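Enquirer: Sequence:
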Amino acid sequence: MSRIGKNPIQVPAGIDVVIEKGTIKVKGKSGQLSFTHHSAMKVTFDAATRQIKVERPDDERQNRALHGLTRALIANMVKGVETPFVRKLEIIGVGYTASITGKTLQLLVGFANPIRLPIPDQVTCEVPDATHLVLK
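FYI, in my numbering the residues of the sequence shown are 3 to 138.
I should point out that these hints are in silico values taken from the structure, not numbers from a laboratory.
Please note: incorrect hints may appear among the correct ones.
Lysine-lysine pairs mimicking DSS-like chemistry, simulated, CA-CA at most 27 Å apart [claimed, not checked]:
no. : residue 1 : residue 2
1   : Lys8      : Lys81
2   : Lys8      : Lys23
3   : Lys44     : Lys55
4   : Lys31     : Lys55
5   : Lys8      : Lys29
6   : Lys23     : Lys90
7   : Lys55     : Lys27
8   : Lys29     : Lys81
9   : Lys138    : Lys90
10  : Lys81     : Lys44
11  : Lys44     : Lys23
12  : Lys81     : Lys31
13  : Lys90     : Lys44
14  : Lys27     : Lys105
15  : Lys90     : Lys105
16  : Lys55     : Lys105
17  : Lys55     : Lys23
18  : Lys55     : Lys90
19  : Lys55     : Lys29
Cβ pair distances, simulated, as ranges [what the hints assert, rightly or not]:
no. : residue 1 : residue 2 : range
20  : Lys23     : Pro59     : 40 to 50 Å
21  : Pro59     : Thr106    : 22 to 32 Å
22  : Ala74     : Ala132    : 14 to 24 Å
23  : Glu22     : Leu137    : 11 to 21 Å
24  : Thr46     : Ile117    : 15 to 25 Å
25  : Lys8      : Thr38     : 38 to 48 Å
26  : Glu22     : Ala132    : 47 to 57 Å
27  : Pro10     : Thr133    : 22 to 32 Å
28  : Arg63     : Pro14     : 32 to 42 Å
29  : Glu84     : Ala50     : 29 to 39 Å
Since the structure is predicted, the reported quantities are computational estimates derived from the model, not experimental observations.
We treat Cβ as the ideally placed atom computed from N, Cα and C, and that holds for glycine.
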């Protein structure tokens, strides 16, 4: 049996899981994700123990591979809706700075003119000081 696939996925409190017609939907404070798994895999959610289990029909090579893959993708979905993806960046260089004006990120990084980048609606950008960026 797959070492990854056989482990159940613990679902923290505050995360809703719905499984219907081969699709698993996970909803949490950081958003909602859905995934349509392979028809050979059986995905079940036990509300009492708050665990998701992935089972495979047999030990064929493809089913063994799909078993671990499906479990890993669902575990990443649960993690993704629980905590948002955060990237912290540091700008290193003499005179290099960053600032935010409205929905535009302005970078002074050694070019003749400042670089202005629009911030997408799905991304939250913070500039705690002139040389650090936090993207969520």
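Enquirer: Compare the structure with each hint and give your call.
Expert: Cross-check of the supplied hints:
no. : hint                       : verdict
1   : Lys8 / Lys81               : 18 Å, holds
2   : Lys8 / Lys23               : 22 Å, holds
3   : Lys44 / Lys55              : 8 Å, holds
4   : Lys31 / Lys55              : 22 Å, holds
5   : Lys8 / Lys29               : 23 Å, holds
6   : Lys23 / Lys90              : 39 Å, violated
7   : Lys55 / Lys27              : 14 Å, holds
8   : Lys29 / Lys81              : 11 Å, holds
9   : Lys138 / Lys90             : 9 Å, holds
10  : Lys81 / Lys44              : 21 Å, holds
11  : Lys44 / Lys23              : 11 Å, holds
12  : Lys81 / Lys31              : 11 Å, holds
13  : Lys90 / Lys44              : 38 Å, violated
14  : Lys27 / Lys105             : 31 Å, violated
15  : Lys90 / Lys105             : 19 Å, holds
16  : Lys55 / Lys105             : 42 Å, violated
17  : Lys55 / Lys23              : 16 Å, holds
18  : Lys55 / Lys90              : 34 Å, violated
19  : Lys55 / Lys29              : 17 Å, holds
20  : Lys23 / Pro59: 40 to 50 Å  : 18 Å, violated
21  : Pro59 / Thr106: 22 to 32 Å : 53 Å, violated
22  : Ala74 / Ala132: 14 to 24 Å : 39 Å, violated
23  : Glu22 / Leu137: 11 to 21 Å : 34 Å, violated
24  : Thr46 / Ile117: 15 to 25 Å : 50 Å, violated
25  : Lys8 / Thr38: 38 to 48 Å   : 22 Å, violated
26  : Glu22 / Ala132: 47 to 57 Å : 49 Å, holds
27  : Pro10 / Thr133: 22 to 32 Å : 44 Å, violated
28  : Arg63 / Pro14: 32 to 42 Å  : 34 Å, holds
29  : Glu84 / Ala50: 29 to 39 Å  : 20 Å, violated
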